[in-house]
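The listed protein sequences correspond, in order, to chains A and B.
Heads up: the first sequence is residues 1 to 433, going by my numbering.
Heads up: the second sequence is residues 1 to 433, going by my numbering.
Some hints could be false.
[To be verified] In silico lysine to aspartate or glutamate, DMTMM-like type, Cα no more than 25 Å apart, as pairs:
id, chain 1, residue 1, chain 2, residue 2
1, A, 30, B, 263
2, B, 30, A, 175
3, B, 28, A, 153
4, B, 279, A, 431
5, B, 4, A, 431
6, A, 30, B, 153
7, A, 279, B, 431
8, B, 30, A, 259
9, B, 279, A, 281
10, A, 279, B, 259
11, A, 30, B, 218
12, A, 28, B, 175
13, B, 327, A, 263
14, A, 30, B, 431
15, A, 28, B, 281
16, B, 279, A, 263
17, A, 28, B, 263
18, A, 30, B, 274
19, A, 28, B, 274
20, B, 327, A, 370
21, A, 279, B, 329
22, A, 4, B, 329
23, A, 327, B, 274
24, A, 385, A, 153
25, B, 28, A, 218
26, A, 4, B, 259
27, B, 279, A, 175
28, B, 124, A, 329
29, A, 279, B, 263
30, B, 30, A, 431
[As the list claims (entries may be wrong)] FRET-style restraints, in silico, Cβ to Cβ:
id, chain 1, residue 1, chain 2, residue 2, range
31, B, 61, A, 30, 28 to 34 Å
32, B, 369, A, 282, 54 to 60 Å
33, B, 26, A, 381, 41 to 47 Å
34, B, 374, A, 273, 27 to 33 Å
35, B, 26, A, 62, 39 to 45 Å
36, B, 27, A, 417, 23 to 29 Å
37, B, 279, A, 60, 39 to 45 Å
38, B, 120, A, 4, 19 to 25 Å
To be clear, the hints were calculated from the coordinates, so they are not data collected in a lab.
Heads up, the beta-carbon is just placed ideally off N, CA and C, and yes, glycines get one too.
Number of protein chains: 2
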Amino acid sequence: MLKKRAINIALLGIGTIGSGVVRALLLKAKTLTRQAGSPLALKLVVEKDIARHGSQGLEKSIFTIDYREAIFSSDVDIVVELIGGEYPAYDYIKEALNNGKHVVTANKEVMAKHGAELLSIARKNHVALRFEASVGGGIPLISPFQRDLVANDIQAIYAILNGTTNYILTRMAHDGLDFNVALKQAQKLGYAEANPANDIGGLDTAYKLAILTSLGFDMIVNFDDVYYEGIAKLRSRDFRYANELGYAIKLLAIAKRSDKKVETRVHPVFMPAESLLAKVDGVYNAIYVTGDLVGNVLFYGEGAGPSATSSAVIADVINIAQNINNKQDNAPHLIPQKISGILPMEDIVTRYYFRMNVLDRAGVLAKIAEVMGNHGISISSVIQKESDPHTRTAEIVIMTHPATEKAVQEAMKVIYRLKVVKEISNFIRVEAI
Amino acid sequence: MLKKRAINIALLGIGTIGSGVVRALLLKAKTLTRQAGSPLALKLVVEKDIARHGSQGLEKSIFTIDYREAIFSSDVDIVVELIGGEYPAYDYIKEALNNGKHVVTANKEVMAKHGAELLSIARKNHVALRFEASVGGGIPLISPFQRDLVANDIQAIYAILNGTTNYILTRMAHDGLDFNVALKQAQKLGYAEANPANDIGGLDTAYKLAILTSLGFDMIVNFDDVYYEGIAKLRSRDFRYANELGYAIKLLAIAKRSDKKVETRVHPVFMPAESLLAKVDGVYNAIYVTGDLVGNVLFYGEGAGPSATSSAVIADVINIAQNINNKQDNAPHLIPQKISGILPMEDIVTRYYFRMNVLDRAGVLAKIAEVMGNHGISISSVIQKESDPHTRTAEIVIMTHPATEKAVQEAMKVIYRLKVVKEISNFIRVEAI
């Protein structure tokens with residue numbers, strides 16, 4: 001093989017993930033050179049925090065606080081954006097692409113909100129925009145949609161995309177912990193941030209779902225149309241009932257075809273305990289995809305962490321480097337063009353689990369069933385137990401047959417006003433995956 | 001988008017898989033055209049069996065019995081080889097590549113035995129040789145090694161690669177069936193062929209493992225060095241003991257780094273019942289890969305069948321078509337160069353399960369343990385049960401600590417000759433995956 005010139009990389013941000021990428025570039029230079037067809041040289045690190053200049057044993061001279069050095073340097077081939085967050089990362093990526101730099105990013109927020117625009121800019125400039133690390137850490141999730149499953153019309157995507165919440169749910173399910181206790185354990189182990197709002201609240205998962213939906217259904221997704229809920233309302237008793245009924249509780253990202261529209265939603269679900277996805281525990285992520293040809297496929301692995309994420313970032317860098325070395329165009333092949341046709345949340349149809357606190361007296365269930373019936377909701381099973389002799393209340397769990405979200409929301413308003421109902425303690429959607 | 005000329009395909013073999021590919025090409029023309037950037041036109045079908053000419057609603061005029069029409073036609077861009085078996089498929093692929101045709105194949109035997117040579121020929125001729133469908137049906141397994149995991153040094157691959165045997169093992173495990181009964185059921189349901197020798201005996205899995213080992217460890221694998229065993233020796237009582245001890249029994253393809261060599265072997269294993277791979281049931285396939293950066297990833301799906309396989313075949317066709325349309329080189333990026341350093345089977349180190357029929361008298365276990373000790377094999381646990389008062393024999397199950405295959409084979413020869421041992425009923429290797 002001819003000796004090729006080095007491919008020069010500028011790194012934006014040397015935090016946890018950036019440090020992982022640097023370590024891998026330094027420690028694995030030989031493997032990476034063979035794969036890329038030429039050495040990968042870290043030319044520049046843009047980092048605002050001067051305390052980090054010189055970190056990872058790198059010479060201080062390659063650090064700068066000015067992103068323009070990366071974007072306007074004629075020496076730099078690939079800009080690797082690992083700052084995170086929408087701004088200024090979005091601006092940096094856009095400027096880099098417009099200045100003819102290939103870009104690799106792990107930025108889920110930017111890709112969820114501006115992916116279609118940035119891919120168009122990349123295409124116009126004949127440069128790459130790669131983002132395998134933005135979803136699922138090192139698990140190949142972007143590439144399968146772009147290459148391996150392209151012959152398929154995707155019917156559904158069900159995914160566990162947030163390790164923090166999956167860890168908390170696993171502890172609640174297996175050890176009977178309450179939400180707050182499980183969250184504290186996750187924080188102690190470094191699986192949850194000090195401010196875990198984006199993870200717990202479902203926003204992180206929603207960003208990732210927007211990206212996968214756009215790829216899987218070949219459409220431009222308006223991020224504001226992605227429905228999301230978090231896991232904070234779950235109680236250990238919900239897990240006990242789920243177990244009793246043969247279900248697991250997971251925070252799922254769901255995208256599926258529904259007539260001519262696509263459902264995209266993130267919320268806790270009851271799912272059959274026997275399904276492989278329900279067995280994905282701890283900080284692991286997994287995505288379950290149904291295609292018209294391939295049937296069901298599942299991809300599983302560590303969804304976060306500097307090492308796994310650097311696997312995806314560097315694979316993107318290597319693929320770009322291979323194309324540069326083979327004088328091939330790096331522009332994205334196919335970018336979504338259809339405008340999003342996302343089904344409004346109120347129109348989705350699924351089954352529901354309700355847990356209510358009711359007065360312990362005859363006829364209560366009949367009253368609730370009547371309200372549900374009036375809204376076209378039919379009950380599939382009921383568990384009533386644990387009367388509390390002091391308060392003279394009982395807990396009642398109702399599983400419904402499929403109903404629209406709208407009907408369920410309206411029925412809940414009426415049920416909430418029934419005198420015999422003390423509290424609607426929880427309601428969780430059920431997926432028959 | 002400019003209207004591009006059609007990409008012309010010649011299909012070699014219109015059996016079950018070929019028919020599936022044709023159906024997908026015809027029914028999904030619109031999706032595939034958008035993905036490929038131009039229409040995919042089936043120009044020619046080479047099929048020796050004249051009864052199949054005109055099948056799938058195709059005009060008889062595009063059928064021929066002469067493969068040279070496909071290989072020498074200046075009209076044909078891509079040859080899709082779905083004949084199967086080593087010859088004449090190997091010759092056809094080689095001739096096609098040498099005549100400047102891109103080739104897509106699902107042929108595991110040819111790729112296992114001649115992959116490195118054919119990839120070199122493809123590279124020399126600047127044409128593609130793609131074989132995603134040769135392993136794991138529609139599950140992306142080749143592409144991850146070629147693209148997504150390239151930054152990793154692969155440490156281990158554990159895979160379930162044969163749906164027939166996994167179906168049989170699942171029935172034996174869950175329903176307590178005997179091997180022959182489970183096999184007959186599999187044949188009835190179309191999951192096993194009338195002559196199931198290649199599946200049952202492990203050869204099919206060994207072909208696929210050779211391909212994955214070559215990709216994962218970036219080396220030329222001499223197929224004769226791949227050790228394989230089948231599942232016919234398993235008995236329902238082995239599954240009962242496995243269950244009692246917390247294990248599942250699977251036919252695993254294993255490739256892992258062992259000092260400077262690589263182990264490649266296919267045989268039934270005891271594996272922890274709690275591992276995700278142990279939960280892959282029925283005709284599904286899965287591959288579990290450990291890389292130094294990515295950690296553990298798992299890919300799961302239908303490993304066979306015309307629909308799933310056509311997903312992989314057509315993805316390969318589309319990727320080639322995209323490159324043709326973008327005037328990009330289709331030659332394989334990287335082909336293995338290192339000569340195989342496969343660890344001889346006798347040098348592997350693992351734990352073992354033994355099931356023996358012994359005389360029901362004191363001191364028998366001591367005798368067996370003494371022989372094992374003499375060979376450096378230490379026992380981790382023993383189950384003794386089910387004395388048969390008529391024959392005055394008992395069944396004894398021994399789990400060992402790690403030992404070399406060589407020591408175990410030699411110890412077995414000695415144990416076999418002990419008068420107190422009536423039979424060594426089975427021995428199965430244990431993997432702590």
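Hints, verified against the model:
1. A:30 to B:263: holds (23 Å)
2. B:30 to A:175: Roughly 51 Å separates the two Cα atoms, so the pair is violated.
3. B:28 to A:153: It holds: about 9 Å lies between the C-alpha atoms, which stays within 25 Å.
4. B:279 to A:431: Judged against 25 Å, a Cα distance of about 20 Å means the pair holds.
5. B:4 to A:431: violated (43 Å)
6. A:30 to B:153: Holds, at roughly 11 Å.
7. A:279 to B:431: holds (20 Å)
8. B:30 to A:259: Holds, because 19 Å separates the two Cα atoms, which is no more than 25 Å.
9. B:279 to A:281: holds (13 Å)
10. A:279 to B:259: Cα-Cα ~33 Å, so violated.
11. A:30 to B:218: With a Cα-Cα distance of about 13 Å, the restraint between residue 30 of chain A and residue 218 of chain B holds, given a limit of 25 Å.
12. A:28 to B:175: violated (48 Å)
13. B:327 to A:263: Outside the cut-off at roughly 37 Å; violated.
14. A:30 to B:431: violated (31 Å)
15. A:28 to B:281: Given pair residue 28 of chain A, residue 281 of chain B is violated - Cα atoms ~37 Å apart, limit 25 Å.
16. B:279 to A:263: Answer violated: residue 279 of chain B to residue 263 of chain A is near 29 Å, above 25 Å.
17. A:28 to B:263: Holds: residue 28 of chain A and residue 263 of chain B sit about 23 Å apart, inside 25 Å.
18. A:30 to B:274: violated (37 Å)
19. A:28 to B:274: Given that 25 Å is the threshold and the Cα spacing comes to 33 Å, the pair is violated.
20. B:327 to A:370: Violated, at roughly 67 Å.
21. A:279 to B:329: Distance ~42 Å between residue 279 of chain A and residue 329 of chain B Cα, so the pair is violated.
22. A:4 to B:329: OK: residue 4 of chain A and residue 329 of chain B at ~18 Å, within 25 Å.
23. A:327 to B:274: violated (48 Å)
24. A:385 to A:153: Judged against 25 Å, a Cα distance of about 46 Å means the pair is violated.
25. B:28 to A:218: holds (15 Å)
26. A:4 to B:259: violated (31 Å)
27. B:279 to A:175: The hint holds at about 22 Å.
28. B:124 to A:329: holds (21 Å)
29. A:279 to B:263: violated (29 Å)
30. B:30 to A:431: violated (31 Å)
31. B:61 to A:30: 28 to 34 Å: violated (55 Å)
32. B:369 to A:282: 54 to 60 Å: violated (39 Å)
33. B:26 to A:381: 41 to 47 Å: Holds - the Cβ-Cβ distance for residue 26 of chain B and residue 381 of chain A, about 45 Å, lies within 41 to 47 Å.
34. B:374 to A:273: 27 to 33 Å: Between residue 374 of chain B and residue 273 of chain A, where Cβ atoms are some 48 Å apart, the hint is violated.
35. B:26 to A:62: 39 to 45 Å: violated (56 Å)
36. B:27 to A:417: 23 to 29 Å: violated (52 Å)
37. B:279 to A:60: 39 to 45 Å: Hint violated: Cβ distance 51 Å, outside 39 to 45 Å.
38. B:120 to A:4: 19 to 25 Å: Distance hint for residue 120 of chain B, residue 4 of chain A holds at roughly 20 Å.
Violated hints for the displayed structure, listed by number in ascending order: 2, 5, 10, 12, 13, 14, 15, 16, 18, 19, 20, 21, 23, 24, 26, 29, 30, 31, 32, 34, 35, 36, 37.
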